[in-house]
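> Here is what each chain is made of, one letter per residue.
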Amino acid sequence: MEILFILIPVSIAFVALAIWIFGWAIKNGQYDDLEGPAHSILFDDDADMIPDRNDKPKTEPAKDSKKP
Amino acid sequence: MPDTCYHCDEVIPRGFSAVLTISNKQQAFCCYGCLAIAETIVTGGLENFYQHRTKASEKPDAFNQSQQDELYLYDDKALQEDFVSTTDGISETHLSIGSITCAACIWLLEREINNIEGIHRFTINHTSHRAILVWDDNECSLSSVLLKIRKLGYKARPYQDDLAKKQAQIEKRTSIFRIAIAGIATMQNMMFSLPLYLGSDSSIDQEFIALFRWVSLIMCTPVVLFSAYPFLKAALRDIKTRHLTMDLPVSLAILAAYSASAFITVFSDSNLESDVYFDSVAMFTFFLLLGRFFEMQTRHKHLNSDADFNQLLPATARVKTTDGEVSKPAHKIEIGDILIIHQGEISPADGIVVEGQSRFDESALTGEFLPIIKTVDSVVNGGTANVENTILIATTATPKHSRVAAIIRMLDQAQHEKPQTVQLADIVASYFVTFVLISASIAGVFWYFIDPEAVFSTVLSILVVTCPCALSLATPTAMTSVNTFLRSKGLLMAKGHTLEAMNSTTDIIFDKTGTLTEGKLQLSNTNTFNGVNKPKALTIAAALENHSRHPIAKAFKPYFKESANQVETTLGYGLQGSFESKSYRLGNLAFALNNATSKDKIIETQGIHIFLSELSEDKQYTLLAQFELSDTLREESLSCVKNFQAQGIQVHILSGDHLNSVQHIAHQLGIKHIKAAQSPEQKLNYVRKLQQDNKEVAMVGDGINDLPVLSGARLSIAMGGASDITKLNSDAVLLNSHMSVINLAFQSANRARKIIKQNMAWAIGYNLLMLPLAVMGLVPPYFAALGMSLSSLVVVFNSLRLKS
Chain A
1 MEILFILIPV SIAFVALAIW IFGWAIKNGQ YDDLEGPAHS ILFDDDADMI
51 PDRNDKPKTE PAKDSKKP
Chain B
69 MPDTCYHCDE VIPRGFSAVL TISNKQQAFC CYGCLAIAET IVTGGLENFY
119 QHRTKASEKP DAFNQSQQDE LYLYDDKALQ EDFVSTTDGI SETHLSIGSI
169 TCAACIWLLE REINNIEGIH RFTINHTSHR AILVWDDNEC SLSSVLLKIR
219 KLGYKARPYQ DDLAKKQAQI EKRTSIFRIA IAGIATMQNM MFSLPLYLGS
269 DSSIDQEFIA LFRWVSLIMC TPVVLFSAYP FLKAALRDIK TRHLTMDLPV
319 SLAILAAYSA SAFITVFSDS NLESDVYFDS VAMFTFFLLL GRFFEMQTRH
369 KHLNSDADFN QLLPATARVK TTDGEVSKPA HKIEIGDILI IHQGEISPAD
419 GIVVEGQSRF DESALTGEFL PIIKTVDSVV NGGTANVENT ILIATTATPK
469 HSRVAAIIRM LDQAQHEKPQ TVQLADIVAS YFVTFVLISA SIAGVFWYFI
519 DPEAVFSTVL SILVVTCPCA LSLATPTAMT SVNTFLRSKG LLMAKGHTLE
569 AMNSTTDIIF DKTGTLTEGK LQLSNTNTFN GVNKPKALTI AAALENHSRH
619 PIAKAFKPYF KESANQVETT LGYGLQGSFE SKSYRLGNLA FALNNATSKD
669 KIIETQGIHI FLSELSEDKQ YTLLAQFELS DTLREESLSC VKNFQAQGIQ
719 VHILSGDHLN SVQHIAHQLG IKHIKAAQSP EQKLNYVRKL QQDNKEVAMV
769 GDGINDLPVL SGARLSIAMG GASDITKLNS DAVLLNSHMS VINLAFQSAN
819 RARKIIKQNM AWAIGYNLLM LPLAVMGLVP PYFAALGMSL SSLVVVFNSL
869 RLKS
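So the protein lines, in turn, are chains A and B.
Here our numbering is used: the first residue of the first sequence is 1, the next is one more, and so on.
Here our numbering is used: the first residue of the second sequence is 69, the next is one more, and so on.
Keep in mind that the hints were calculated from the coordinates and are not lab data.
Among the hints, erroneous ones may be present.
What the hints assert, rightly or not - A few chain B residues that face chain A, going by a derived Cβ cut-off under 10 Å, partial list only: (1) 178; (2) 182; (3) 189; (4) 193; (5) 253; (6) 279.
Unchecked claim - Simulated coverage check for chain B against chain A, where a stretch passes if three residues somewhere in it have a Cβ under 8 Å from a Cβ of chain A: (7) 237–246; (8) 400–407.
Claimed, not checked - EDC-like cross-link-like pairs, simulated, lysine to aspartate or glutamate; straight-line CA separation at most 16 Å: (9) 234(B) / 32(A); (10) 27(A) / 239(B); (11) 234(B) / 35(A); (12) 216(B) / 137(B); (13) 145(B) / 156(B); (14) 216(B) / 32(A); (15) 219(B) / 178(B); (16) 240(B) / 33(A); (17) 468(B) / 405(B); (18) 622(B) / 129(B); (19) 240(B) / 2(A); (20) 123(B) / 78(B).
If you're wondering where the values come from, they're calculated on a predicted model, not measured in any experiment.
For every residue, glycine included, the Cβ atom is placed at its ideal position computed from N, Cα and C.
The shape of chain A in the complex, shown without the other chains (with noise of 0.2 Å):
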């Protein structure tokens, strides 16, 4: 169990590392916005995206070699 005297220092560094990102990112106006992003998600344009009942897909290549 003497493994934690190492493995909880450690982990202070972890935290402290993490905080101090927090704050890096507090400081570069990353959470100045709090509302946007939830609502920026459903903002999607992806209409021509999804295909259309009638457009079959692609299984086979196109079999043009159909010249005599």
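For chain A, the structure is supplied; the task is to place chain B on it using the hints.
Relative to the frame of chain A, chain B by itself:
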């Protein structure tokens, strides 16, 4: 076809028709302005906007050539110096965007603007409605972006940080950081205190106990020193001002628990007999901070949104110099400068007319909505709009010292002397806190004689068990519930004391124009003569009025189809022009008939009448139509006033307008106490006099002229159409035009007061019950913490009842 506009959801005027096919469906619009915006959106391929949005868009203001020219001024490098930073040809600026109603608006704007060639980045903050714009100066100009935003129906203007907003941002960032530290420390501390709670002496080595405690101490120190700093600072202030609030026991509990735990960690033997409370300290701080953060968010909300808009004075001015016309930033205007004010522009400074003749719309300053004639030597106030012709004025006061600025200074003073509302919670809390502190010290002394070792744990238990958590939640939770509820109805409560003030109001004062009435002229009646049909008459009138900036012209805007030609304005009389190769006159009766007498039957009523006539081939003017215009009462004004009167609240009207029109409105509403033609100073004095008679005054208004009186009254409510500075300085803002919401707010305030009282009774009752047990040393600290949380939950749930 629906009878409301697809874009702005306003009612489509009768006889008006404008349609556009959107997503294979025909949609109708209320005016050509809305239609143009919808066309822009559809051409950009963003018709999805209409599916995404959750609220209707705002109806766009008129946008004419001179306003467009004004946007081009922003390309001037000298002017840009103030708000644009440029490196290597890449410029960056901050814009404030107005008229955003929901998240889809932001999506639309970001998509459209980022599609412009040369734009590197354009993002809008959802909370503050402020945008960062980065663009390449060689590929596009700032004005083109502003113009595009305008064409989509929004307003944009470069903004400079003011102190209040900067502080708000710093405050928000720091509190997020405080919360983060407290949160992380709480989680870490839990992890290390769990083995201490669960372990027994045999299962855990002494050295690990010491290690866990030391680690907890390290984790907890920043929480006390940094996260809990606001509480400590407030507690210190309480001691200095001898006004006790909940911050004092909160700080005492935090400090005592922390220092005792630290003492145990450093000096005593590591066994499980003595307790440490690091985890409780961190968790306690974390939850308190979280509560305060949500409170702060609501407080900041009213600072944002449209606050930078319709600023009273324009940012630029056109100055006449020997080299011709030069534009310069308004703050560089000097006394004696000759300013050129075109039709439709707002005067940037006070001055005296030196050349030209025109009319000025002074409604922002006086509430009078008919323009005032200005000739040579007349005084023109900064912030008033030129309605008719280009005019030259010699500056007599710089923008800083103009009349508008003076009114705003008066506002600061009035705010200073504003009667304070002492909150119920504050009074109760201050007594309660004193009581807790006294009993804790008596118990401490008592236990010192019986069992010196138990002194600390007993005192700590007392402080925790009586922790006024539930008491401190009693008011804010009830307020938040009511605020959320009223917000959904369209009333934004900006300041904390609003609800309390509503409960004790004895007198309510309304402004007339823009508050009880719509504040704009509307066509209330049309009579036609000599066989003309109404739509035809309206079309002709609208065609002529399209050339005028007079407020009367706005009333005709919905009927506008095509512009008339060769329109000439005769100042003070009317307009003349040709439409579909016929000549028409529109104006007062004498002008329309060219001083001939009328053969037709003219109706005489209250309001403004204008007449349309046609010039026949034999040079005779024949009357075609009579239009009656008036400022109409808001739909719900009457029921609102009646409601207040039924509650025994005295209703007054205080207006800058003429006695005649005020009396007319007062008569319709049954209001006896009226004052007309009041200056801002007189209005403030009127309120002061009422207050001297021990009346609690609430004021509802909208204009700049109402500003000082709004701040002087104990409770102020601004109308949604009010200028932004008015909204910013009011206690509450009515976002829609439903006056009945104000009644609803007063009723809710009453209910909230009841709920707050119940909450307090519960919180204090619970604490008083537990206090003797704690004094006797029967409550272990963990039980005290558990009970405290349960007691708080009861309060929260009780408050939630207010939402329905």
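> Each hint should be assessed against the structure and marked as holding or not.
Tested hints:
1. Using the Cβ-Cβ criterion of 10 Å, the hint placing residue 178(B) at the interface with chain A is satisfied: the shortest such distance is roughly 8 Å.
2. The interface hint given for residue 182(B) is broken, as the beta carbon of that residue sits about 13 Å from the closest beta carbon of chain A, more than 10 Å.
3. Contact between residue 189(B) and chain A, as hinted, is not supported at the beta carbon level, the nearest pair being about 13 Å apart and thus beyond 10 Å.
4. Hint on residue 193(B) holds. Least Cβ distance to chain A is approximately 5 Å, under the 10 Å limit.
5. A distance limit of 10 Å between C-beta atoms decides the matter here; for residue 253(B) the minimum to chain A is near 8 Å, and the interface restraint holds.
6. A hinted interface residue such as residue 279(B) counts as satisfied when its beta carbon comes closer than 10 Å to some beta carbon of chain A; here the least separation is about 7 Å, so the hint holds.
7. Check on the segment 237–246 of chain B: 5 of its residues sit with their Cβ under 8 Å from a Cβ of chain A, so the three-residue criterion for coverage holds.
8. Using a Cβ-Cβ cut-off of 8 Å, 0 residues of the segment 400–407 of chain B lie near chain A, which falls short of the minimum of three, so the contact claim is violated.
9. Annotation: proposed proximity of residue 234(B) to residue 32(A) holds, straight-line Cα distance about 12 Å (limit 16 Å).
10. Of the pairs offered as hints, the one joining residue 27(A) and residue 239(B) holds, with about 12 Å between alpha carbons and a cut-off of 16 Å not exceeded.
11. Only pairs whose Cα atoms come within 16 Å are accepted, and residue 234(B) paired with residue 35(A) is rejected, the gap being roughly 19 Å.
12. For the given pair, residue 216(B) sits about 14 Å from residue 137(B) by alpha-carbon distance, which is consistent with the 16 Å threshold.
13. For the suggested pair residue 145(B) and residue 156(B), the alpha carbons sit about 15 Å apart, so the restraint of at most 16 Å is met.
14. Proposed proximity of residue 216(B) and residue 32(A) is contradicted: the alpha carbons are some 26 Å apart, above 16 Å.
15. Our distance criterion of 16 Å between C-alpha atoms is met by residue 219(B) and residue 178(B), whose separation comes to about 14 Å.
16. Using a Cα cut-off of 16 Å, the hinted pair residue 240(B) and residue 33(A) holds, with the two alpha carbons roughly 11 Å apart.
17. Under the criterion of a C-alpha separation no larger than 16 Å, the hint pairing residue 468(B) with residue 405(B) is consistent with the structure, at around 15 Å.
18. With a C-alpha separation of about 10 Å, the suggested pairing of residue 622(B) with residue 129(B) holds against the 16 Å cut-off.
19. Between residue 240(B) and residue 2(A) the CA atoms are separated by roughly 43 Å; this puts the pair beyond 16 Å, and the hint is violated.
20. The suggested pairing of residue 123(B) with residue 78(B) holds, with an alpha-carbon distance near 12 Å, which does not exceed 16 Å.
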